[in-house]
Amino acid sequence: MAADEKKSLFELRRTQPAFRGLEAGHLACQGCGQALGARLVTEAAGPDVIVANATGCLEVFTTAWPRTAWRVPWMHSLFENAPAIASGIEAGLKAQGRLAKVVAMGGDGGTFDIGLQALSGMLERNHNVLYVCFDNEAYMNTGIQRSSSTPHAAATTTSPSGTERMGKRHLKKDLLSIIAAHHIPYAATATVAYPSDLRKKVRRGLEIEGAAFLLVHSPCPLGWGHDGALTIEVARLAVETGVFPVLEMERGDVVAVMQIRKVRPVSDYLKLQARFSHLFKESPEARVELEHLQALADHHIEVYGLRGTSPDPRDSEGADTVRRGGLRWA
Amino acid sequence: MGVKTQGAGPVTLTRGAFAHAGSSLGLKTGDWRVTRPVHLHRASPCHNACPAGENPQAYLALVEEDPHAAWESLVSANPLPAVTGRVCHHPCEIECNRGKFDEPVAIHAIERFLGDRAIEHGWDYPVGKPASDAPEVAVVGAGPAGLSAAYHLSRRGYLVTLFEAASEPGGLLRGAIPPYRLPRPVVEREIERLLSIGIRFEPNRRLGRDMILADLEKSFRAVFLAPGAERGREWSVGGVVPRDLRNGLELLQEWLSIGSLPKYQRVAIIGGGNTSVDLARVLKFNGVPEVHVISFRTRPGPGVSPDEAMPALAREIRQAIEEGVMIDDCRGVTRLILRGEQVVGVEMVHMKELPQRDGTRKPVAFEGTETVLHVDHVIPAIGEEVEPFGMEAVLGAHQFFPVDAEGQVQGHRGIFAGGDARLGGGTVSDAVGDGRRAAEAIDRYIRGVAAAAQAAPASIGIGELNLNYFDHAPRAGIIFLAPEKRNAETEIEAPLGAGEVARESERCFSCGECMACDNCWTLCPDNAVLKTTEMASDGSHYLFDYDYCKGCGLCAHECPVGFIAMVDEP
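Here the protein sequences line up with chains V and H, keeping their order. When the first sequence is numbered by this note's numbering, its final residue is 331 and no position is left out of the sequence of numbers. When the second sequence is numbered by this note's numbering, its final residue is 597 and no position is left out of the sequence of numbers.
Keep in mind the hints are simulated off the structure, nothing from the lab. Incorrect hints may appear among the rest.
Short derived list, chain V residues pointing at chain H, Cβ under 10 angstroms [stated by the list, open to error]:
#1 R21
#2 A36
#3 L41
#4 P67
#5 L177
#6 A194
#7 S197
Covered stretches of chain H (chain V as the covering partner; in silico rule of three or more C-beta atoms under 8 angstroms from a C-beta of chain V) [said to hold, decoys possible]:
#8 52 to 63
#9 547 to 553
Since the model is a prediction, treat every value here as computed from it, not as a measurement. All C-beta atoms in this analysis are idealised placements derived from N, C-alpha and C, irrespective of residue type, glycine included.
Can you make the complete structure from the sequences, with help from the hints?
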């Protein structure tokens with residue numbers, strides 16, 4: 002590439018029509034769902050935001066010393082205290098009479114497990130902070146160890162499949178119910194497969210006065226064992242099978258769900274991922290676990306009312322519709 | 028913004044600004060890549076299917092924003108869109124990928140909209156005036172093939188003289204297509220505008236009567252022959268011919284030019300082509316109580332291959348049935364029942380075209396299925412051939428011009444032929460395509476350039492699109508005049524309004540061409556897709572920044588239109 006063209010690409014990058022708080026050159030794996038999710042969140046939040054980041058992949062791959070991919074003020078301290086730091090930032094700004102949006106980010110390890118206590122405190126004190134959890138369902142950064150968010154029957158390095166067990170023995174922690182129990186003004190789930198929906202929820206979470214929580218389903222090609230090109234495909238199938246319900250809650254009550262127009266069998270989602278490959282072997286145990294995961298998805302569909310009744314532009318088929326000229330709805 | 032300059036570039040201190048030194052942009056993650064995304068133009072199925080060579084994908088992309096630009100794109104292939112938008116059998120819609128998703132895009136209605144819009148607003152054809160010393164080319168026959176050739180030659184800077192045997196241009200558009208399908212003012216205005224680009228039009232000049240081919244060969248650098256097929260084929264049943272036999276095309280032409288028809292009560296028209304169906308409907312509109320169309324082929328429908336179906340357009344057959352025309356398909360006439368020399372009936376038999384041992388297909392009659400149809404007239408409409416008068420030297424013993432792939436008549440350098448007069452021709456759109464291909468070949472012939480051998484690229488299939496990004500939307504409802512309100516003069520199909528056209532164009536999948544949906548730009552985890560309308564030179568709105576692209580392939584997988592391909596790193 003010629004030098005002048007490189008220069009102009011650099012110019013082009015700084016004059017893109019949307020603000021992106023997470024810049025290229027970060028060290029996420031090919032097809033990383035979390036890198037995409039974090040960028041979409043900063044895109045919706047805009048430049049006027051301060052980010053507190055828990056330890057995890059996101060923190061590691063965006064800040065290879067001495068460089069940073071962040072274009073917004075960003076702070077990392079420990080695995081467990083991103084909500085506490087965000088609370089402090091918010092309180093400090095308030096004391097100074099200054100206005101800025103505060104976003105805390107963590108992975109499922111930092112949110113479901115290690116930082117849960119601090120998160121609960123932040124929600125209980127109702128700090129005006131949006132907490133975003135990028136849920137890739139295991140400790141990917143340290144080598145794919147199971148977390149309390151790892152789904153049942155998924156293989157990780159600490160929950161391998163073998164003669165005794167078919168992957169993880171326990172169920173995925175029902176974090177949404179824990180969040181709901183805090184009766185915060187706004188909580189939602191979103192996925193990288195539906196960027197418009199995700200951005201809308203970030204804006205809504207920031208605009209509401211008080212604590213808001215957003216769970217973003219973020220496929221991990223390395224940990225889940227799928228091609229990086231299929232990240233969106235996998236995330237979309239998680240929604241279409243009922244594995245990952247997309248919804249909004251206010252004061253702990255579900256107020257909106259993304260309906261599934263065409264419910265697909267859960268095996269469509271599972272078979273793309275190596276972490277579930279043991280479920281497709283011919284064995285009674287594999288069959289039991291496959292049916293178990295199907296039942297869990299059916300349970301989601303039932304309790305959250307995910308099955309669509311008639312085609313709707315906001316349902317699983319309509320929400321990602323694109324138009325000539327890029328006129329997405331959010 | 029507090030900007031200081033330090034070393035290589037600006038350092039910006041304000042939040043949300045563009046940091047340079049210390050930013051991750053210093054880490055060129057592009058060197059992880061083993062495959063890279065590239066933009067790849069693919070042929071849309073509608074483009075490959077169009078006999079006239081139109082690219083509907085291109086004008087559907089433009090029609091909402093800029094109808095004039097859409098029309099210019101359209102007429103770069105077909106100068107007669109108001110005509111073909113009405114009479115074409117639109118194979119583009121048969122091949123449309125959207126048809127495998129819900130319903131095909133109503134391409135013909137948009138083509139017609141653009142054609143009508145151009146006539147209404149008087150848009151000039153994008154053709155410059157030829158130089159006064161430009162090479163001269165003769166075109167014989169001002170039907171769709173001749174008009175198309177004259178137009179495309181003018182576009183290439185040639186001086187064109189267009190000879191026509193009749194007093195007015197149009198060929199079969201004027202002489203054989205009834206006005207309820209193609210209103211006369213549309214033909215007249217479209218052709219008048221087309222001729223005004225600087226084509227020298229010479230009416231009342233029939234080859235063999237008013238001029239001879241050898242003279243044309245001397246006076247012009249090349250000749251394009253598009254005289255059409257005017258002479259009805261010989262017809263009899265076992266050598267028997269009724270006394271007052273009239274040919275189908277001849278009757279249709281007579282009615283179109285002077286408005287008269289013989290008085291019939293019960294008529295059987297033999298043949299399953301457009302002439303047959305058109306005449307049947309005209310007779311019906313003119314009060315003939317019982318009209319039959321007899322064809323040994325079957326009526327078109329789902330699951331019927333074009334080889335087995337009657338050659339008339341499916342919608343024309345459908346409308347004819349609505350109007351009360353009886354279609355006796357899979358039937359042949361084995362005997363005429365005569366009282367004296369007057370027909371009182373025909374003996375019909377079940378027939379089917381079946382493959383023979385020698386590989387050809389032949390209609391086979393099934394014994395024991397004979398029935399009698401009581402009619403007072405039989406009209407053959409079994410196809411036409413070239414009237415050879417004046418062209419014997421080129422035609423030889425053939426019924427149609429034998430042409431090579433270039434459209435050049437075999438064994439005659441500098442003489443090209445197309446339209447219905449060419450073996451294998453048949454539709455208006457084929458004729459328009461012949462005219463364009465011949466114009467290209469004549470241009471190469473005069474400049475002494477060999478044709479570049481290139482196979483047409485395969486169309487992009489529906490499996491190569493990502494349909495998750497499209498939602499179902501019903502095809503525009505086109506309104507047809509109710510059968511009881513129809514007559515021979517009033518157009519049956521209503522046009523779409525501008526709003527409906529815009530909505531319909533948005534249903535286009537844009538197969539194989541960027542539709543600027545922002546998907547790659549939105550979904551790249553590495554911010555390696557940059558949006559730009561100025562710097563992207565390939566018609567897309569995006570550039571890949573290979574300094575940072577890790578080659579994950581997500582953009583290619585999620586591209587709705589199949590415009591991104593992953594290729595190995597060089």
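For each hint, the structure was consulted:
Interface restraint check for R21/V: the shortest CB-CB distance to chain H comes to about 6 angstroms, inside 10 angstroms, so the restraint holds. A cut of 10 angstroms between beta carbons decides the hint on A36/V: the least distance to chain H is about 4 angstroms, and the hint holds. At about 8 angstroms, the closest approach between the beta carbon of L41/V and any beta carbon in chain H falls short of 10 angstroms, and the interface hint on this residue holds. With a least beta-carbon distance of about 6 angstroms to chain H, the hint placing P67/V at the interface is held under the 10 angstroms criterion.
Hint status for L177/V relative to chain H: violated, with the closest Cβ pair at about 26 angstroms, above 10 angstroms. Annotation: A194/V was flagged as interfacial toward chain H, and the flag holds, the nearest CB pair being 9 angstroms apart, inside 10 angstroms. Among the interface hints, the one on S197/V holds; its C-beta lies about 9 angstroms from the nearest C-beta in chain H, closer than the 10 angstroms criterion. Using a Cβ-Cβ cut-off of 8 angstroms, 6 residues of the region 52 to 63 of chain H lie near chain V, which meets the minimum of three, so the contact claim holds.
Only residues whose C-beta sits within less than 8 angstroms of a C-beta in chain V count toward coverage, and the region 547 to 553 of chain H has 6 of them, enough to reach three; the restraint holds.
In this structure, only the earlier hint numbered 5 is contradicted, and the remaining ones agree with it.
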